[in-house]
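Assemble the complex: chain A is given as a structure, and chain B must be docked to it using the hints.
There are 2 protein chains.
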Amino acid sequence: MKFTPALYCAFTFLLALARAALAENTEQWGVYEVALKGPGDGNPFLDVRLSATFTDGTHSHEVEGFYDGDGMYRVRFMPEAAGEWRYETTSNRWPLTGKTGTFSVTAASPKNHGPVRVHNTYHFAYADGTPFRQIGTTSYSWCHQSDALEEQTLKTLAGAPFNKIRMCVLPRDPPMSNPQRFPFAGTPPKQWDFAHFDPLFFQHLEKRVGQLRDLGIEADLILFHPYGKQWGFDTMDAATDDRYVRYVVARFAAFRNVWWSLANEYDFVRTKTEADWDRFFQIVQAGDPYAHLRSIHNGARFYNNAQPWVTHASIQNGAAVEEPGRAELYRDVWRKPVVYDEVKYEGNIESRWGRLTGQEMVDRFWAGTVAGTYVGHSECLKGEDVNMWLGGGGVLRGESPTRLAFLRQVLDDAPADGIEPIDKWQDSNMGGQPGVYYLLYFGQNAPKWWTFRLPKSGVTAGMKFKAEILDTWAMTVTPVEGEFATKKKDNYSFVDEKGRSIALPAKPALALRIRRVEGKKTGEEVPVE
Amino acid sequence: MKFTPALYCAFTFLLALARAALAENTEQWGVYEVALKGPGDGNPFLDVRLSATFTDGTHSHEVEGFYDGDGMYRVRFMPEAAGEWRYETTSNRWPLTGKTGTFSVTAASPKNHGPVRVHNTYHFAYADGTPFRQIGTTSYSWCHQSDALEEQTLKTLAGAPFNKIRMCVLPRDPPMSNPQRFPFAGTPPKQWDFAHFDPLFFQHLEKRVGQLRDLGIEADLILFHPYGKQWGFDTMDAATDDRYVRYVVARFAAFRNVWWSLANEYDFVRTKTEADWDRFFQIVQAGDPYAHLRSIHNGARFYNNAQPWVTHASIQNGAAVEEPGRAELYRDVWRKPVVYDEVKYEGNIESRWGRLTGQEMVDRFWAGTVAGTYVGHSECLKGEDVNMWLGGGGVLRGESPTRLAFLRQVLDDAPADGIEPIDKWQDSNMGGQPGVYYLLYFGQNAPKWWTFRLPKSGVTAGMKFKAEILDTWAMTVTPVEGEFATKKKDNYSFVDEKGRSIALPAKPALALRIRRVEGKKTGEEVPVE
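Residue numbers (our numbering), protein chains in the order written: chain A, -3 to 525; chain B, -3 to 525.
It is possible that some hints are incorrect.
Covered by chain A, per the in silico footprint, the following chain B stretches (three or more residues, Cβ under 8 Å) [said to hold, decoys possible]:
id, region
1, 314 to 326
2, 409 to 423
If you want the ones that stay clear, here's a sample from chain A, every Cβ over 10 Å from chain B, calculated [stated by the list, open to error]:
id, residue
3, Arg70
4, Asn174
5, Leu325
6, Ala481
Calculated from the structure, these hints are not laboratory results.
Where a beta carbon is used, it is the ideal one built from N, C-alpha and C, also for glycine.
Excised from the complex, chain A in its bound form (with noise of 0.2 Å):
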């Protein structure tokens, strides 16, 4: 082969692609982003367009991208397979429209399962199919606080059993808030110049979402809320709402542990409609090409969470999950999950809302996960300042998230498709799945015994079941000695054949599991599930 100039070049233009590609690889659902310098002259924040078209022949997203001050331009992408990517920006100015470049995607590495979705009409999973069993908190202000307090919210979380955060983009007042940084470049608290954005507060902002990701926990942010009467931020236009909406998707859709939560408390957002609601939520749809989970939190007035651009219901309902009879009603309106995200919290304030008990904040979770919905936490605990972690995150002192990682261990070996209510006009304290998997749980009542009995669904003669007493409080799972084989009861159950109940010790707060096992060839019987 003779060495030709031409192949020279070719040679040295295939080498920079490799390098390029080594230096920029990302894994499955990271982020790939395209870093360009631009115009800085004029408002970039208003007057550039950015965005990027990637695929991989077969997948193909076009992107916004923002500002990111200083003259730097960026396209956040997550790719949802493995494998080679290009992309091709379009711009409205010269320098940076028109720019190609292409990066492998490798395999997602053990921890990393996408983004959740909704699976099976009432229940998440990951996008690998890995079951998300939501056991969330919130702490809404935990990203607007000192350094040294949000890195001792992480360490609270990486110790913690909660798999979702709901937070707050937009400072509150004080005290839950005690923001270092603001969305808009001007002078607290009131003078912004809402044409600026201060992508300072969006990187620090982007810092905390990625070590969530990082610890597993799902990032829900609260796009707007009615707490902030001191910054204004409440009162935008609607061209600066829509305009913040957008760069905030741009910034943070391409992680893969983001959901959105329009607002928190939507109703009390006085200075909107519904109409902006629903303007909000379709500008979320539209920027972000990964379709991550869209919700809206009630304050007294439901939203219409049967918009098709709501993938789950957020529920603030002080009373819903008292007892799972409760709890069940709502997932026949919308057919979609129910999170009850608020149900008054853990806490010793002198408000209704932040005094439960520990044993009630954990009845409340253990009422809704039979009913085939899930609930959240948090915290009105206060140490020796004021803060708590309702607002601005820091160290837990309650009883209940022992309990709640005790939950999150019974749901991690629970049926992928996750926990529905099995006959609930009758007996909507049990859930599972039909000739399966059951969980009862019989909350402040403190039964003697329970005698076996399960709803005909799914079940037929002769099927060999066992099960197990679960102290919810105590956290102890305690082994039923000896099976139970189905017998036709009536025209609704199947009971033991023998007739036998479960001794049962008399205390509040109580679960079974049921789970069938089956003979298998060798005569030894082994957990179906």
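Relative to chain A, chain B alone:
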């Protein structure tokens, strides 16, 4: 005055007008009918379009007519105001078009309050403002029985507490229906000429609906249902479905006591899609100038009651009214009245949905009532034959109707704006109007006392209240001695200034009625409501 031929003509004309007015008077919200002889050739059901515009100068309505057989066409109109009205017909046939007439509408007679409307978001009132407190029953096929049985049903209803009855237009399969007539020409069970209605069927139904009206009972007409496999009315094609809906609306909309129920267990009608139901709603809405109430009743799956054409939720749920904390939850979802039309029935049949005790049936009404919702009764108690109230009407054998009459008395005396949850996250068993009227229901608890305590909403210190103990089963009202004067207890509630409690007889099914009393100038005290 000279008696000219022209004057004579005018005089004769005025006389004729006066005579016509006398003959054709109707009352406000009565039925005025334009009857016209027209062409009988071809198929009038398909070929002839007829409508009339009615106006009193202020209101104007275009009303669809219908063919009633034997060459007779009719347009029925329900005037919403007293005064002089006139009409003019339009048709695609010369003999029916351009007919005009005038008639007088007198004031409504004392028992005529007009059609029922939604009032105060979650409640109902007649058009004249009289509150309508729904105490419903269901007898699906009472109009598809022998005349003797139907007359028996009317006699029963005359002595029963129900002010609304759910009933099917189309026959069900036997034994529930024992149809003497069918809606279409042809031969039972399935050889129908769907292009020809049988007017006799509808004339019969109209007679019954009119008799219900005269008894003060609303007729919740169920247009479709899944229980007529033998007749095949659930497998008509879309054009026939639509024509049937239009025909029913044209015939019945002028009856002031008509409500439209699009279907019973709509989701069990496997031959129709969600889009079909949307379309039927729109046809009803377009064809009914009086906007009678519109709902659709679910089997296992809810229709989207947020749709603007749904006036109230018609719910089947066997567990939701077991306690008020459940019952109130659906109110917030749709912000419309919630009518639990099917909550299981008083009965003794084997199916679980038909074997509530009388106590359980009554308990569900009270639980729904204090939650700010409405409940429906029916009965599956068999006598000597197969007929039950639920299917064929006849007699009532159960223990609940007498107690529902007691509830109706209590409601007759309740605030006109309805019973609203007062503090639903804390005391879901208390409904009323803050500061004015409270109804507490203790369900299956058997309390020995109740410490006087009112949530703060609408209450200030020093207000005076009187209380009565209601035994909802024994149907007694026992006044509690003395008055209670309010004193602030904490940030959430007021108690009696002397810290008094009310002694209760420790039985199930107790309620308390608490009403504010005001000092009059004379010093005498009278109830506010």
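Inset, instruction - Mind listing which of the numbered hints don't hold for this structure, in increasing order? - result: The structure breaks only hint 5.
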